[in-house]
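> Residue numbers (this note's numbering), protein chains in the order written: chain A, 1 to 193; chain B, 1 to 783.
No lab work stands behind these hints, which were simulated from the structure alone. C-beta: ideal position from N, C-alpha, C; glycine also. Possibly wrong hints are sitting among the right ones.
Claimed, not checked - Cβ pair distances, simulated, as ranges: (1) B:131 x A:114: 15 to 23 Å; (2) A:112 x B:131: 22 to 30 Å; (3) A:118 x B:131: 47 to 55 Å; (4) B:243 x A:118: 36 to 44 Å; (5) B:173 x A:118: 56 to 64 Å; (6) B:154 x A:114: 38 to 46 Å.
What the hints assert, rightly or not - Below, a sample of chain B positions facing chain A; criterion: calculated Cβ distance under 8 Å: (7) 2; (8) 4; (9) 14; (10) 15; (11) 19; (12) 44; (13) 63; (14) 64; (15) 241; (16) 242; (17) 739; (18) 741.
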Amino acid sequence: MQGGEFTDMLARYRAGDEGAQSRLVALIHGDLRRLARRHLSGNRWIATLDTTALVNESYLRLVSPSAQHVETRAHFLNLASRVMRQIVVDYARVRLRDRKRFERVEDVDPDRLRAELVQARQFVALDDALADLARIDERKARVVDCRFFGGLSEDETAQALGIGLRTVQREWNEARAWLAEHMRDDEEEDEES
Amino acid sequence: MSDISFLVPGGALSGPLFASLLESDAGPALPAGTPIGPYRIERSIGRGGSGTVYRAERSDGAFAQSVALKVVKPDPRLREHLRRERAILAQLGHPGIARLFDGGETAGGEPWFAMELVKGRRVDEWCRRENASWRTRIRLVGEVCDSVQYAHARQLVHRDIKPSNILVDDDGFTRLLDFGISLALREPRRNDGTTAFTPEFASPEQLSGGEITTASDVYQLGRLLEVLLDPERDDRGLPDMPRLAKRNLGAIVRRATAREPEARYPSAADLKIDLQRALDNEPALGGNWDATSRLEFLFARHALAIVVAGASLLALGSLAVHYTLEVTAQRDRAEESAQRAQVASEVLTSLFRGSSPAEEAPEQAAAAAVLDRGAERAVQRLEDEPEQRAIAAETLGNAYLDLGQGDKARPLLESTLAALDARAPRLPHERARLEILLARIAVADRRLDETAARLGRADALLRPLVATQQERADLDAVRILLAEQRGDAASAQHQREALIARLEGTPVADSALFATLLNDRATTRGYANDYDAARADVQRAYAILRDRFGEMSPQALSMERRIVWFSLHGEHEAEAAQILSAQHDRVRESFGERSPEFAALLSYEGIVANRAGRKEEALDKFQRALVVARSVYGPDALLSAIAAHNVGDALIEMGRAEEALAIYREALRVRLLRLPANNQAVLVNRLQIARSECALGQYGTADADFASSRAALAARMVEGHPSLLVAAAFNVDCLLLQGRVDEAAAMFAREVPDQPRTKLVGHDAQRVDATARRLADAQREKR
Chain A
1 MQGGEFTDML
11 ARYRAGDEGA
21 QSRLVALIHG
31 DLRRLARRHL
41 SGNRWIATLD
51 TTALVNESYL
61 RLVSPSAQHV
71 ETRAHFLNLA
81 SRVMRQIVVD
91 YARVRLRDRK
101 RFERVEDVDP
111 DRLRAELVQA
121 RQFVALDDAL
131 ADLARIDERK
141 ARVVDCRFFG
151 GLSEDETAQA
161 LGIGLRTVQR
171 EWNEARAWLA
181 EHMRDDEEED
191 EES
Chain B
1 MSDISFLVPG
11 GALSGPLFAS
21 LLESDAGPAL
31 PAGTPIGPYR
41 IERSIGRGGS
51 GTVYRAERSD
61 GAFAQSVALK
71 VVKPDPRLRE
81 HLRRERAILA
91 QLGHPGIARL
101 FDGGETAGGE
111 PWFAMELVKG
121 RRVDEWCRRE
131 NASWRTRIRL
141 VGEVCDSVQY
151 AHARQLVHRD
161 IKPSNILVDD
171 DGFTRLLDFG
181 ISLALREPRR
191 NDGTTAFTPE
201 FASPEQLSGG
211 EITTASDVYQ
221 LGRLLEVLLD
231 PERDDRGLPD
241 MPRLAKRNLG
251 AIVRRATARE
261 PEARYPSAAD
271 LKIDLQRALD
281 NEPALGGNWD
291 ATSRLEFLFA
301 RHALAIVVAG
311 ASLLALGSLA
321 VHYTLEVTAQ
331 RDRAEESAQR
341 AQVASEVLTS
351 LFRGSSPAEE
361 APEQAAAAAV
371 LDRGAERAVQ
381 RLEDEPEQRA
391 IAAETLGNAY
401 LDLGQGDKAR
411 PLLESTLAAL
421 DARAPRLPHE
431 RARLEILLAR
441 IAVADRRLDE
451 TAARLGRADA
461 LLRPLVATQQ
471 ERADLDAVRI
481 LLAEQRGDAA
491 SAQHQREALI
501 ARLEGTPVAD
511 SALFATLLND
521 RATTRGYAND
531 YDAARADVQR
541 AYAILRDRFG
551 EMSPQALSME
561 RRIVWFSLHG
571 EHEAEAAQIL
581 SAQHDRVRES
591 FGERSPEFAA
601 LLSYEGIVAN
611 RAGRKEEALD
621 KFQRALVVAR
631 SVYGPDALLS
641 AIAAHNVGDA
651 LIEMGRAEEA
661 LAIYREALRV
671 RLLRLPANNQ
681 AVLVNRLQIA
691 RSECALGQYG
701 TADADFASSR
711 AALAARMVEG
721 HPSLLVAAAF
731 NVDCLLLQGR
741 VDEAAAMFAR
751 EVPDQPRTKL
761 VGHDAQRVDA
771 TARRLADAQR
781 EKR
């Protein structure tokens, strides 16, 4: 059912229905959490999970069985990696804002919270830099979406973007070099909200 | 170059951020504009384990309203709960509780709540950023207690009181969030690990699935208190908290967070009462305090050391007053010991209060009876343990003696000593110490022969033994007091110097006794106009008391103010002001604004302000000190009279003679209840009354009052004492007001001769010079 709705939404999205995107985000996010919870039954802590594998499992669940068609699969992976970037970066921004506003923050271990905030800052900085990179060289930015945010393998990335394997490897390395050059790390931003 | 080591395949999907994203029960944030009930989402303002909170705007056009809109995961029990309680929740109109306006379900079946939008920070974060003092933190928890009590009275239990549910708004007031909607939120689901549930704030019955009552909220309030006062949690560190307050609050937390609900405070209001007691340095009702602890609280509350070491210094409003009181401090301790007696009766009441509620007697008249029974009981219990009984009696005796109630301790000490003599003649140290204590009591009562006899017996007992240095020092200190009481000031001074010299470098040089010796020497040195040496003595005494009792102990604080006193006289005004301003915040923090400690400080600040000509400020400080003194000690207490006198001094400097006269008369009335008519404070009080009368044109009575008070003062003071010169100058001023210029000139020439006059310094010199100028002007005019 989930997979069916997903494929349906994917089709609407490709047909230009912008509203379908937020529904896709919700679907992927919801599916990921359901999956995570199932894996965590018992007393396993979330940190012990291979979350990349989890995300890949979710892709498989969502895209199958109705979308085994190669082209659909490529589109799916392409979209999924962008959706994951949106989910993760949105979440990172909310975390940073929460920290500043302190209108609500969960009761979590402060060390862990700090580690989360470090990641959140990195991801937001990366997101901004990727937007710049996309204006110069969109393909490189898309490779980063697939590899870093989507957790796709080199093969899957090649498939999703319709490029060769060697190109994926080269673009990934060049993108990293460019990002190292251009990414701003704003370690200390203003504390005031 | 940025560090991009995190930029690895799948990097976004590993690590704590993604884990918390997966853990979060909340779905992705709803986009702006999404309609929910009559509201429209503006943006997400927070996200927690239980849902997402948005800022939303009322969109049905009925009226403009911004709300905090919370969307949580579906839960049938929550739905049922809300259906039943919505009416009550809507009526929760307490300023400390964020209002719940509305609620419903989204199309997807998720419950939503529209709550009052509170601008603020969560309480723990607010405390950290503001570097809030422990008092402020307690005040905040007390406010939350009020809010919770309000809801409990309406049969509503919060169930989820914790820092993230309490905001401090821009005005510094707390707001409790999520009242009534926490029933189904954050239920422990320990098996699926996907909620970030922390049992940190859950009561034992919540964790075990037991019945949840208001007691559960009391538990959580206790946890809140504990967490806000935990210095480990605050990376800036919690501002210093007095040891006694720490113990008090520890007892409160233990009581509030008792495992069994019945063992906790019966209500949030009861918890609040104990929080207030902690702020007032009263032992928490929820604690289990022994007599010694009660005494400690009493000392903290009444700042007894002020009374012991510097009570008279409260009255330093005018220059005439301070000189006489300096003398008083040395020789005539009548006013001081009367104050001690008053505080003592309170000590005794509270010391034995609680041991038997039926005997509780708050009236001071009954205090003595309570004491006697209490002391009797304490000693009876140790009837068959002579050594322990001796220690108990000694401890109690010391306490009484410090309170100026030595005579009360006498029967106890004497009977203990007799019991020792009869049963345990082999305890010479104990017997010697009891003899020394009894000698101290005797010397204070001017029973000088008994003092000498007891000192002799103590000496005989100690002589064949290896007496400790402390024992010998105690004995010699009583000898010095004896010499003073016999009027042999030179011998007392000589013995004191010798004792100080002997104790230098020994462990006793760190004792309170040594500090007392230094302080007494400072008084003598001050009397001899050697203010710098006096200041050095009290600085050292202060260092000893600070190391011994702590910087915030009343003993140390009052000795630090002795430094102020001598600094003012030794023309070290800047240092004096600096000490006072450093004390100001600390004293207010530790004792509160309604404490005698703070009143003493205000008095000093008033004196400094008065000397600097800041009259309005001085008056304000003195008036505040008076309010505190009256509320703590009652209007008929000597400390209240002293504070009233200060107010009079400020008023008369401002030319408000009528008010000054009224308040001086009130001060005099109170003093005469307790002090002999020739006491120096009484005489100075009458002198100020004469000044006020003169300013009001009541010349007849003014002349008479000047004559009698000046004559009595002169009888008590060395010739040429600065106070006498200033008193004469006041009298001259009065004659000038009456146009009796020749008489004024004659009096000035006779009573303020050049020789002592040229020795006057500072403030005193200014006042006498001003009179001299007025006299010269009047004489010129007359010609």
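> Each hint should be assessed against the structure and marked as holding or not.
Tested hints:
Between residue 131 of chain B and residue 114 of chain A the CB atoms are about 21 Å apart, so this pair conforms to the stated range of 15 to 23 Å. Between residue 112 of chain A and residue 131 of chain B the C-beta distance comes to about 25 Å, which sits within the given range of 22 to 30 Å. Between residue 118 of chain A and residue 131 of chain B the CB atoms are about 25 Å apart, so this pair departs from the stated range of 47 to 55 Å. For the pair residue 243 of chain B and residue 118 of chain A, the supplied restraint of 36 to 44 Å holds, since their beta-carbon distance comes to about 39 Å.
Between residue 173 of chain B and residue 118 of chain A, the C-beta spacing of about 34 Å breaks the proposed range 56 to 64 Å. Remark: the range hint 38 to 46 Å for residue 154 of chain B to residue 114 of chain A is upheld by a beta-carbon distance near 41 Å. For residue 2 of chain B, the interface hint holds, the least distance from its beta-carbon to any beta-carbon of chain A being 4 Å, beneath 8 Å. Because the beta carbon of residue 4 of chain B sits about 5 Å from the nearest beta carbon in chain A, less than 8 Å, this interface hint is met.
Look at residue 14 of chain B: its Cβ gets to within about 5 Å of chain A, closer than 8 Å, so that hint holds up. The criterion of a C-beta within 8 Å of any C-beta in chain A is met by residue 15 of chain B, whose closest approach is roughly 5 Å, and the hint holds. A hinted interface residue such as residue 19 of chain B counts as satisfied when its beta carbon comes closer than 8 Å to some beta carbon of chain A; here the least separation is about 4 Å, so the hint holds. Of the supplied interface hints, the one on residue 44 of chain B holds, with its beta-carbon coming within about 6 Å of a beta-carbon of chain A, less than 8 Å.
Using the Cβ-Cβ criterion of 8 Å, the hint placing residue 63 of chain B at the interface with chain A is not satisfied: the shortest such distance is roughly 24 Å. Among the interface hints, the one on residue 64 of chain B is violated; its C-beta lies about 21 Å from the nearest C-beta in chain A, farther than the 8 Å criterion. Taken as an interface hint, residue 241 of chain B does not check out: its beta carbon lies about 22 Å from the nearest beta carbon of chain A, beyond 8 Å. The beta carbon of residue 242 of chain B is not positioned within 8 Å of any beta carbon in chain A (closest approach about 28 Å), and the interface hint is therefore violated.
Hint on residue 739 of chain B is violated. Least Cβ distance to chain A is approximately 69 Å, over the 8 Å limit. Against a cut-off of 8 Å between C-beta atoms, the interface hint on residue 741 of chain B is violated, since the closest Cβ of chain A lies about 70 Å away.
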